[in-house]
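Those protein sequence lines, which keep their order, are chains P and Z.
For the first sequence, the working numbering assigns the number 25 to the initial residue and increments by one for each residue that follows.
For the second sequence, the working numbering assigns the number 4 to the initial residue and increments by one for each residue that follows.
Honestly, I wouldn't trust all of these hints.
Here are the simulated EDC-like cross-link-like pairs (lysine to aspartate or glutamate), alpha carbons at most 20 Å apart as the crow flies [as the list claims (entries may be wrong)]:
no.	chain 1	residue 1	chain 2	residue 2
1	P	Lys247	Z	Glu114
2	Z	Lys280	Z	Asp182
3	Z	Lys167	Z	Glu132
4	Z	Lys125	Z	Glu114
5	Z	Lys193	Z	Glu218
6	Z	Lys507	Z	Glu496
7	Z	Lys125	P	Glu228
8	Z	Lys280	Z	Glu184
9	P	Lys247	Z	Asp445
10	P	Lys247	Z	Asp93
11	Z	Lys246	Z	Asp5
12	Z	Lys219	Z	Glu242
No lab work stands behind these hints, which were simulated from the structure alone.
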Amino acid sequence: MQASLYPNLPGLQKRKQTFRFLLDWAAIITLGLCFVIFTVIKGNSFLSVDNMINILRAMSITTVFGIAATVTMAADGFDMSACTLASCAAYVFVSMYLWYGLALWLCVVLSILVTLVMYQLTMFLILVCKVPDMLATCALMFVHQGLGQWYIGGGAVSTGMRLPRTGALPARTTLSDSFSAIGRAPWIIVIMLLCVLAAYVFLEYTKHGRFIYAMGGNRQAAKLSGINIKAYRYMAGMITGVFIAIGGILVASRGSSAQVMCCDNYLMQSLAAVFVGRSVGGAEKPNALGTLVGAMLVSTLENGLTICAVSYYVLPAVKGTVLALALIAAYAGKKEE
Amino acid sequence: MDQLTLGTRNVSLEFPGVKALSNVDFEITTGEIRAVVGANGAGKSTLMKVLAGANPDYMGEVYLGDKTVDLRTTMAAKKLGIQIVYQEIDTALVPTLSVAENVMLSHMVVETHGHPMLDWNKLRRQAQEVLDRLHISVSVRTLVQNLSLAQKQMVLIAKAVVSKCNFLILDEPTAPLSDTETAELFRLVKHLRETQNIAIVFISHRINEVIQICEKYTVMRNGEIVDTAPITGATTTREIVEKMLGRTFEETFRREHVPIGEAASFQVSHLSGAAGKVNDVSIHVKKGEIVGIAGLVGAGKSELCKTIFGAYAKTGGSISLDGATLKIATPSHAVKNRIAFVPEERRKEGVLVHETVSFNLSAACLKNFCTASFIRKKKVDANAQRYVEDLGISTPSIRQLVKNLSGGNQQKVAVGKWMAADCDVYIFDEPTKGVDVGAKQDIFHLITEITKRGCSVIYASCENTELLSLTDRIYVLYDGKVMAELATAETNEDEIMYYAVGGKAVRA
Chain P
25 MQASLYPNLP
35 GLQKRKQTFR
45 FLLDWAAIIT
55 LGLCFVIFTV
65 IKGNSFLSVD
75 NMINILRAMS
85 ITTVFGIAAT
95 VTMAADGFDM
105 SACTLASCAA
115 YVFVSMYLWY
125 GLALWLCVVL
135 SILVTLVMYQ
145 LTMFLILVCK
155 VPDMLATCAL
165 MFVHQGLGQW
175 YIGGGAVSTG
185 MRLPRTGALP
195 ARTTLSDSFS
205 AIGRAPWIIV
215 IMLLCVLAAY
225 VFLEYTKHGR
235 FIYAMGGNRQ
245 AAKLSGINIK
255 AYRYMAGMIT
265 GVFIAIGGIL
275 VASRGSSAQV
285 MCCDNYLMQS
295 LAAVFVGRSV
305 GGAEKPNALG
315 TLVGAMLVST
325 LENGLTICAV
335 SYYVLPAVKG
345 TVLALALIAA
355 YAGKKEE
Chain Z
4 MDQLTLGTRN
14 VSLEFPGVKA
24 LSNVDFEITT
34 GEIRAVVGAN
44 GAGKSTLMKV
54 LAGANPDYMG
64 EVYLGDKTVD
74 LRTTMAAKKL
84 GIQIVYQEID
94 TALVPTLSVA
104 ENVMLSHMVV
114 ETHGHPMLDW
124 NKLRRQAQEV
134 LDRLHISVSV
144 RTLVQNLSLA
154 QKQMVLIAKA
164 VVSKCNFLIL
174 DEPTAPLSDT
184 ETAELFRLVK
194 HLRETQNIAI
204 VFISHRINEV
214 IQICEKYTVM
224 RNGEIVDTAP
234 ITGATTTREI
244 VEKMLGRTFE
254 ETFRREHVPI
264 GEAASFQVSH
274 LSGAAGKVND
284 VSIHVKKGEI
294 VGIAGLVGAG
304 KSELCKTIFG
314 AYAKTGGSIS
324 LDGATLKIAT
334 PSHAVKNRIA
344 FVPEERRKEG
354 VLVHETVSFN
364 LSAACLKNFC
374 TASFIRKKKV
384 DANAQRYVED
394 LGISTPSIRQ
404 LVKNLSGGNQ
414 QKVAVGKWMA
424 ADCDVYIFDE
434 PTKGVDVGAK
444 QDIFHLITEI
454 TKRGCSVIYA
464 SCENTELLSL
474 TDRIYVLYDG
484 KVMAELATAE
494 TNEDEIMYYA
504 VGGKAVRA
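With the hints as constraints, model all of the structure from the sequences given.
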């Protein structure tokens, strides 16, 4: 509207560009500011190598779930049930390891496979029954919770517990070092970075990734360009499934057990990371690097504020505020329809 | 270069209840720019959709060269080099992707089989080459959502010519464009014709543009091709318009005489807005008068109505009622100032389809039926009963949901809603769209009734015969501007059409 009021004012154009630039890089600028402010206040107790690793470790699980959400949302999908499904993946992972004594790699593979099989149900509801994503996954959230807990018999899967129902002794009584290593620095950080890299390369540098973005941006146009949109929505779903399973495995390994509903609480922060990352660098769509930045922002804030002795129970308010600001940056500049 | 010919032989197409095309023989050869003109609903777009494979149920045959081709899918048409750029350009572009990707999207799907990795440099270079070739200056890295409408259209044309393209159909490409943007588009079209073996079909309502750019024109009327003729220096707008209208006239509505007030009651001066689609419009309406707004689709009729009503932002001008200036920034202000608006998209904007007839008829003035914010059901029902009878709305009961009524009856509900509100100014936007003849007469009677109460009526329609039979005066819009003010008693369909296609006010 303003443009038509003052069409030929170069100063306004310039101001608009600067404004746009600030909005595009808002998340990174905020991140930089956080670092500067926390360093000024707390000096080396914030800006130390150990603490940097703390931040990276704390953000890694959120990032992996965020990457899962990124792929789904790139295809204009939405998955409310991602983290409840991750809990199931965690149950499978730990139970295979402890109850049945399978090799670690086999537990990882089985956990991913079971997740993918369960994801078929999500895809069935969305693609075949044409239930809107939000509603379908909302319903499945409860299905996952119920099925998962039926499998583990209502209690956590951890060392020293008998098998539910049969009451048999588990095959393993302790967790090996390599099991625990997955959940610790540096491995958890490496895994997170690999996930980001994989999603980044897939979405930015393969044509399949671009087709997923195309169908996410305008389903009709993508279809008319000859893209098989159902196939690509399915592909996005399957890739999401893999990242969900990886997230579940990280949670289990970090917690040395699969607690009941251990992953469920990660949903909101992973979505927050995606939304914050959406506008980073003017991408205007969910993207892997943006999600990384989003997760880092949330994690840095949490870490810094904790060091500054802000009570843990106030932190959600701060996180929420940052999310709101990032969303304002992403949407306030939009032209009105 | 090889000459290719694309044509239809005896092509007919029926939609439920309507014969959209009957026995059409159309032919075009590469190297020409052909205009297809006709009034609304003449079948232009329908025919083009057949050629683009988007109307799979046609009868008759389509041929390319000496071979008959089967155009039942859009893919089939594309493979034969028939590309279409629809009027709704936003349905064909992905706003969140870059220009390069949008231009190359179909190409990526078809041509890069077996190469999963994307070569960004190559992709951008190829897109750049196409844009350079067409002399389109848009950065390939820009996201499409940041482009102007004209630039988006250029990108779409570029996308069409990246793939095999021998026949390029442009469906009303200039409707949303400004004059300079149109000039740029014409440059592109001429450039394409000169540099590639291509035929361009140009659908437009703007006859002066057609004369300017095309070599031949085809006139359609009621689903038939009336004439195909070359455009020479002697071709006039008037000649084409006459062919478009033919000599057929609809039966007219005889309206009763209603006394009209002396002075202008509702006055709109120098109004601009709706993102440039309403441009310095001044109109006035007297008490008891029906003023028509004529113009083709896209001329800005709806935009004008909505801008007056406050649904679109105003950038200049003023509105006054009986000498008092009104401040109308939102529809809510308009209603408070006793202005009623019956919108074109009635299901979407005019009635609450999931509510009952009774509720709809009281929705615009629910306050009158309330006691301290509590709805008095009896009053609402009494009101509904009265208007159902007055307007002859055929519904089994006032409890019926509006979505179950026929189009004409829905429209009556949309009008009745405002009748109950007792306004001073009524604005109607295409109230007879999709309404059968009987209901049309009822709605005309309704509008006449309104004027008897001393109200002012603005009636926007692209059906000129309706305007001629119903209104007292007519303003003709073109490109968001008023081209002419005509007294209904002294004008005719030809004259309205002449101004509506951009003719200048030189005739007596």
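Hints breached by this structure
The structure breaks hints 9, 11; every other hint is satisfied.
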